[in-house]
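J.: Next come the chains, spelled out residue by residue.
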Amino acid sequence: MHRKYSAIPILLVFALTMIGLVYATWSQNLYINGTVNTGELDWEFVGASCLDTSGIDYHCRDGFAGPPPLFWMGDKDVGSTSVEITDVHTVTVTLSNVYPCYYTSVSVYAQNTGTIPLIIDKVIIDGHEFRKTTPPAIAQLDLDGDGDYDVEIWWKNALGTQLHPGDYSDEMSFWVHVLQGAPQGETLSFTIKIVAIQWNEYVPP
Amino acid sequence: MKSKMVAAFALVMIALMVAGFAYATWTQDLYISGTVETGDLDAHMVAGDSWDSEPDLKDYSDIYCYVEEGEPYTLIVVVENAYPCIDYYQEFGIENTGTIPLNITSISEPTGNFTDVGTVEVGTFVDGKWTLVELPIQVEPGDTAWLILHVHLTNEAEEVSTYVFKITVTVAQWNLAP
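Read top to bottom, the protein sequences are chains L and W.
Each position in the first sequence, counted from 1, maps to that position plus 73 in our numbering.
Each position in the second sequence, counted from 1, maps to that position plus 137 in our numbering.
Hints are computed from structural coordinates only; laboratory data are not their basis.
Check each hint, because a few of them may be wrong.
What the hints assert, rightly or not - Computed spacing ranges between beta-carbons, pair by pair:
1. W:Leu-269 - L:Tyr-241: 41 to 49 Å
2. W:Asp-196 - L:Gly-136: 41 to 49 Å
3. W:Glu-295 - L:Thr-167: 33 to 41 Å
4. W:Glu-295 - L:Gly-120: 27 to 35 Å
Unchecked claim - Sample of chain L residues lacking proximity to chain W, with all beta carbon distances greater than 10 Å (derived):
5. Ala-138
6. Gly-152
7. Thr-167
8. Tyr-172
9. Cys-174
10. Asp-199
11. Asp-221
12. Pro-256
13. Gly-258
Unchecked claim - Below, a list of computed lysine-lysine pairs in the BS3-like style, where the Cα atoms sit at most 30 Å apart:
14. L:Lys-229 - L:Lys-195
15. L:Lys-229 - W:Lys-195
16. L:Lys-205 - L:Lys-195
17. L:Lys-195 - L:Lys-266
18. L:Lys-195 - W:Lys-195
19. W:Lys-195 - L:Lys-266
20. L:Lys-205 - L:Lys-266
21. L:Lys-205 - W:Lys-195
22. W:Lys-195 - W:Lys-303
The C-beta atom is built at its ideal place from N, Cα and C for all residues, glycine as well.
Could you put the whole structure together from the sequences, leaning on the hints where they help?
T.: Below, the structure written as structure tokens:
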């Protein structure tokens, strides 16, 4: 019994020695504190204009087909086109009292208002997606859902263009042609989305 | 009675002689005076070069770092105007400012909300190829081990946001490293 108790102090001393050894290991911590402030990808419309705000109407062939001229002035002032920057990310185009074969064109201009370079990657015309390709980016749209096309839109340029922060875009324009399928006395809406991405994520088509 | 007195005197004298003999033994003590001056395990962060994968004509974001005066144990790394898929590199050194060799024994996984949107690694370039750091790394007093911090954002990162991360580097005396 006495031998058992006599072992306790020895064990305690041994344990303390071990603890002391652990505490005695010299070490030091260094720290790396990181802060990452992300940039901003943003661009805004800064200008918009269109053909036929008032005056003689224009016409063109189906599919904007040649030979030149691809569009020409008629002899009547019936329809018109207006364009407005409704907010910095939206341009609203309105064609009023137009009719089949009516032609107009719209030009918009944008600026890179973000902090990183961007590339105009693609345009989506009512769900039809176009990138920088050789074939013309023409979308025929059945806006009233009756099975025939009502308008066709040709996105002309600027896809693949790079804009650095603060840069202004070249003209981005599209043509609109009212087709025979367009209903009378209706209001038809379409949406064109221009998609810009950070320059280093752009994959050329 | 008289003879008993004589015997007692004699015994006392003998005892005194024996005692006197002991006192007279020549002795000399030797001493070892020990002084242990311990060394110093100390390391400081050192800021190094910075670069990223943006081409010269698109140098819109930056990474940089610094060590605040009086806070040599903390390296502050900042990435400004960061965006996904750019590789940011920050070189930093761990200088052995102590008096004994040390080992860099561990580099923790990064913590902080940046880990939800990007990666942070510590490594170096070996023959032009990015290689994660292999530990331990031994640093002699006065020497500096140079490492590189690689920061990369995924597309999960939000625009105009601030993310933070923290990494702990542990150094220990060289002979106790695992």
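J.: Taking the hints in turn, state whether each one holds.
T.: Evaluation of the provided hints:
1. W:Leu-269 - L:Tyr-241: 41 to 49 Å: Taking Cβ atoms as reference, Leu-269 (chain W) and Tyr-241 (chain L) lie about 44 Å apart, which means the hint holds.
2. W:Asp-196 - L:Gly-136: 41 to 49 Å: holds, 45 Å
3. W:Glu-295 - L:Thr-167: 33 to 41 Å: With Cβ atoms ~35 Å apart, the hint holds.
4. W:Glu-295 - L:Gly-120: 27 to 35 Å: For Gly-120 (chain L) against Glu-295 (chain W), whose Cβ atoms are near 30 Å apart, the range 27 to 35 Å holds.
5. Ala-138: holds, 41 Å
6. Gly-152: Correct as stated: the minimum Cβ-Cβ distance to chain W is 41 Å, above 10 Å.
7. Thr-167: Thr-167 (chain L) clear of chain W: closest Cβ-Cβ about 32 Å, beyond 10 Å.
8. Tyr-172: At about 44 Å from chain W, Tyr-172 (chain L) clears the 10 Å cut-off, so the statement holds.
9. Cys-174: Cys-174 (chain L) clear of chain W: closest Cβ-Cβ about 45 Å, beyond 10 Å.
10. Asp-199: holds, 27 Å
11. Asp-221: holds, 41 Å
12. Pro-256: Holds, since 42 Å exceeds 10 Å.
13. Gly-258: Fine: 44 Å to the nearest Cβ keeps Gly-258 (chain L) off the interface.
14. L:Lys-229 - L:Lys-195: Holds, at about 12 Å.
15. L:Lys-229 - W:Lys-195: Status holds; Cα separation ~27 Å.
16. L:Lys-205 - L:Lys-195: holds, 7 Å
17. L:Lys-195 - L:Lys-266: With Cα atoms ~8 Å apart, Lys-195 (chain L) and Lys-266 (chain L) stay inside 30 Å; holds.
18. L:Lys-195 - W:Lys-195: holds, 21 Å
19. W:Lys-195 - L:Lys-266: holds, 26 Å
20. L:Lys-205 - L:Lys-266: Holds, because 15 Å separates the two Cα atoms, which is no more than 30 Å.
21. L:Lys-205 - W:Lys-195: holds, 22 Å
22. W:Lys-195 - W:Lys-303: holds, 28 Å
No hint from the list above goes unmet by this structure.
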